[in-house]
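Enquirer: Read off the chains here:
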Amino acid sequence: MNIIVCIKQVPDTAEIKINPETNTLMREGVPSIINPFDLHALEAAVRIKEDLGARVTALTMGPPQAESSLREAISMGADDAVLLSDRAFAGSDTWATSYALAGAIRKLGADIVFCGKQAIDGDTAQVGPETAEFLDIPHVSYVRNIEWIRDNTIRVQRLMDEGYDVVESPLPVLLTVVKELNQPRMPSLKGKMAAKKAQIRMMGKADIEADEDSLGLKGSPTKVKSIFAPETKAGRMMIEGGPEEQVDILIKELRKIKCL
Amino acid sequence: MSIIVRQDKCTGCETCVDSCPFDAIEMRDGRAFINEYCNACTTCLPVCPEGAIIETEPAASDSARKFADYKDVLVFAEQREGRVAPVSLELLGAGRRLADELGSQLLAVLLGADESEAGELVKWGADRVYLCSDPVFGKFNDDTYAGALLRIIEEQKPSIVLAGATPVGRSFIPRVAARLRTGLTADCTSLEIDGETGNLVQIRPAFGGNIMASILCPDYRPQMATVRPRVMKRGQYDAGRTGEIIHTDFKDLNSRTKVVETVKEVSEVSVNLHEADIIVSGGRGAGGEKGFKILRELAEALGGAVGASRAAVDEGWIPYSHQVGQTGKTVNPKIYFACGISGAVQHLVGMQSSDIIIAVNKNPDAPIFNVATYGIVGDMFEIVPMLTAKIKELKGQQ
Ligand SMILES: Cc1cc2nc3c(=O)[nH]c(=O)nc-3n(C[C@H](O)[C@H](O)[C@H](O)COP(=O)(O)OP(=O)(O)OC[C@H]3O[C@@H](n4cnc5c(N)ncnc54)[C@H](O)[C@@H]3O)c2cc1C
Chain A
1 MNIIVCIKQV PDTAEIKINP ETNTLMREGV PSIINPFDLH ALEAAVRIKE
51 DLGARVTALT MGPPQAESSL REAISMGADD AVLLSDRAFA GSDTWATSYA
101 LAGAIRKLGA DIVFCGKQAI DGDTAQVGPE TAEFLDIPHV SYVRNIEWIR
151 DNTIRVQRLM DEGYDVVESP LPVLLTVVKE LNQPRMPSLK GKMAAKKAQI
201 RMMGKADIEA DEDSLGLKGS PTKVKSIFAP ETKAGRMMIE GGPEEQVDIL
251 IKELRKIKCL
Chain B
1 MSIIVRQDKC TGCETCVDSC PFDAIEMRDG RAFINEYCNA CTTCLPVCPE
51 GAIIETEPAA SDSARKFADY KDVLVFAEQR EGRVAPVSLE LLGAGRRLAD
101 ELGSQLLAVL LGADESEAGE LVKWGADRVY LCSDPVFGKF NDDTYAGALL
151 RIIEEQKPSI VLAGATPVGR SFIPRVAARL RTGLTADCTS LEIDGETGNL
201 VQIRPAFGGN IMASILCPDY RPQMATVRPR VMKRGQYDAG RTGEIIHTDF
251 KDLNSRTKVV ETVKEVSEVS VNLHEADIIV SGGRGAGGEK GFKILRELAE
301 ALGGAVGASR AAVDEGWIPY SHQVGQTGKT VNPKIYFACG ISGAVQHLVG
351 MQSSDIIIAV NKNPDAPIFN VATYGIVGDM FEIVPMLTAK IKELKGQQ
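Those protein sequences? They're chains A and B, same order as listed.
So that you can map any letter, position 34 of the first sequence is 34 in the numbering used here, and since no number is skipped, the others follow by simple counting.
So that you can map any letter, position 46 of the second sequence is 46 in the numbering used here, and since no number is skipped, the others follow by simple counting.
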């Protein structure tokens, strides 16, 4: 069985802020990490490999420095790593990202494709389902448990608002995963050695037989027109006094604005 | 259209470098240089004190003419167990406003519900409802939902398509956008029509809520967006309003996936966090199950739901389904109580769009106070039970 795990290198968004005066992103010194959800995707793939036998390939589309994320994926149990990188991919929105990823996955071949639920920078959660559509394979989002895989079928649990659905799908399938699925392992010593030595396979636009007009900024239907800082809430109030007084003031305030 | 730096004007001050959301500005030989990661978003233009960054060609604004065929606004109306979901009414509110502005019709697609529910959509503002009551839509499968919606979009050619940014919408709508070769903006919090071009201006949070982005889809139709629940206002309900209900059949749709079971995880307070008007949340400061008991009592007194920060969930005090934040749910109730929650950014991104935030924390320096509408420095074990008692008293009087 071949499993591909799509990973994205992202800035640690917990540390990114926007300067409200200049409207600029303050990302100096913000570290790059593997998108946290993708670690769970990778862990799921490695566990399937351990249980049933599989070859796990980590795939990322990004600039050359994304290679470090691929090496990290190998240290956590991926067998191979592919860096899809080309100037032509720059500026891709989710449509163009998915188009390119699907091109690479088609070339590599996969029975299961794993994605994270969403990337913590773009936050769209669209790349997984769009990639599945381009590959013309089914997908299940928000997978929180994999019950079994047999006879070319997989049964998973899909997290919903009020519980979960148990869903069966034929292979090949694309799954996007949430954090309850598992606890990602730490890299092993052996893994770290392997990561150092690993050959990262490079792919560019010629390798995925892409339609030039569907790549990068040119191929992207959405355009980011501007960014700005979120509004901060006006009318902030610290309620002073002893506990009883504080509670009374709060109730009065809430009644004033008709919330009680 | 592309963005360039006039090398004769650039002073090398580096102000623009950090303004770029795409990391596309670098310094080369002491001057700013725009590399291939540029998205032509123009964020950097006003930032340059020298006016050295310019757009080489202004954006084309003839999309209105090019897309003359694409007129209406279409809303995907999600149902749950056959009843129209609250987010659908919010979408109709937003869709009605956009359709009126464009002078077009508001269409709705309703799958897996009956005619009376379709009638409700009309009363909430739809002009035309495409209804399919086939029980196949009672369970959510991406293939059937995407197939049905795709067919109606291809026939009706709407200019705008809106769906809820719910587990259902966020799962199958991207497939539809991929197939239609059009843009999809995720999780929008504001939608406006640009008066000049007629394009839909879509505002959404990104980078974990640290920034807001304004997004366009100028060259493709339809313009598609998922919309965050509880952000848009419902329209006027008009019991006398009439519209057309069109029964539609999709006999030949097949799903590769199969839902074999639907499990409801009913917790003690089984109010859906996404739909609650009031949420009472606890964090590490709740100290244990005992702390959550008093929070639950407040929630019950207010008819609200109980939420939690990741710290409390990781401690095992409350199930994950209650978790609010980056790795949990995004909520925006009318009132959010954050009790014993320090306010790490990962939690804030899940709740900071709540109308009113009330924070109770022992530590006066806790970052939660930066987003709180009302802040109380104090012990939640003292404050919360007192508040519950007084609210019960008040409600008893009414
Ligand atoms: C401020 C801002 C707002 C944006 N808004 C939109 C928008 O509304 N619509 C839109 O179409 N685009 C948008 N984009 C562009 C979008 O962020 C990029 O296309 C990005 O490359 C993919 O989207 P995402 O980060 O949301 O990933 P998601 O769709 O959230 O990622 C889900 C999963 O897909 C996989 N994946 C994603 N990217 C890669 C990759 N490069 N390599 C390998 N695997 C990957 C990972 O497994 C990941 O966990 C926006 C960009 C910015 C900067």
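Incorrect hints may have been included.
What the hints assert, rightly or not - Covered stretches of chain A (chain B as the covering partner; in silico rule of three or more C-beta atoms under 8 Å from a C-beta of chain B): (1) 88 to 98; (2) 105 to 116; (3) 190 to 196; (4) 217 to 223; (5) 237 to 250.
Just so you know, these hints were derived from the structure itself, not from any lab.
In this text, a Cβ means the ideal position worked out from N, Cα and C, and glycines have one as well.
Enquirer: Give a verdict on every hint.
Expert: Hints and how they fare:
1. 88 to 98: Check passed, 6 qualifying residues.
2. 105 to 116: With 0 residues closer than 8 Å to chain B, the stretch 105 to 116 of chain A misses the three-residue bar; violated.
3. 190 to 196: violated (count 0)
4. 217 to 223: holds (count 5)
5. 237 to 250: It holds: at least three residues are needed, and the stretch 237 to 250 of chain A offers 9 whose Cβ sits within less than 8 Å of chain B.
Checked against the numbered hints above, the structure breaks hints 2 and 3 and satisfies the rest.
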